[in-house]
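A.B. asks: Sequences listed follow chains A and B, in order.
The first sequence runs 1 to 115 under our numbering.
The second sequence runs 1001 to 1116 under our numbering.
Keep in mind that the hints were calculated from the coordinates and are not lab data.
The C-beta atom is built at its ideal place from N, Cα and C for all residues, glycine as well.
One thing to keep in mind: the hints can contain errors.
Claimed, not checked - With a straight-line cut-off of 25 angstroms between C-alpha atoms, the simulated BS3-like cross-links for lysine-lysine are:
1. A:K70 to A:K55
2. A:K57 to B:K1003
3. B:K1003 to A:K3
4. A:K55 to A:K3
5. A:K18 to A:K53
6. A:K18 to A:K55
7. A:K55 to B:K1003
8. B:K1016 to B:K1038
9. A:K3 to A:K71
What the hints assert, rightly or not - Negatives, chain B to chain A, calculated, CB over 12 angstroms:
10. T1005
11. Q1039
12. S1042
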Amino acid sequence: DVKVTQSSRYLVKRTGEKVFLECVQDMDHENMFWYRQDPGLGLRLIYFSYDVKMKEKGDIPEGYSVSREKKERFSLILESASTNQTSMYLCASRTGTSGNTGELFFGEGSRLTVL
Amino acid sequence: AQKVTQAQTEISVVEKEDVTLDCVYETRDTTYYLFWYKQPPSGELVFLIRRNSFDEQNEISGRYSWNFQKSTSSFNFTITASQVVDSAVYFCALSEARRGAQKLVFGQGTRLTINP
């Protein structure tokens, strides 16, 4: 059974803290993605990675960075959390061999609250 | 730039009614892919369907059907004889068809509530 696992379902952090959101997939997928989901805005892409140590900015990368040291793990980093980063964060992965035709597999999401 | 619009923010119907979720997209590409995902209350998005831009045939899967019309840039989703378990947020998405890892652009989502 394919699986994308996000390390924390719920986090509460304070403004200015450094936050790590971890995502692990067990499907040997090349592509991994981080989205944030906000009411009325749908899912917006923050960053994605098509290979180990490779990353590309999505639509809203400001305030975020990512790390992909191993194929199965894709981390989202908030260097200094702010209240406007309170959101649901969704990780997804996809095989790269089928290009853009493959479906995304999503984790259950990490709901981050920044106080 | 690519864009997906789901104008219906929320829909509420009574069980067994048919319901259609609208999706309108914008892209300059001639080759692209369209998707529908379901997000139940548990939070994990579940893939429902993928269509490529060259295939305009409608598709039916059980109570679900999809109507793809390039002329109106629409990819609508119909649930027939809705059930309470269909309650979820539904997302329409669009992807370019180029080499490399291309992003999926999502619509705003439609929250569907099926009342018993």
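A.B. asks: What hints, given by number in increasing order, does this structure fail?
C.D. replies: Hints 3, 10, 11 and 12 not satisfied by this model.
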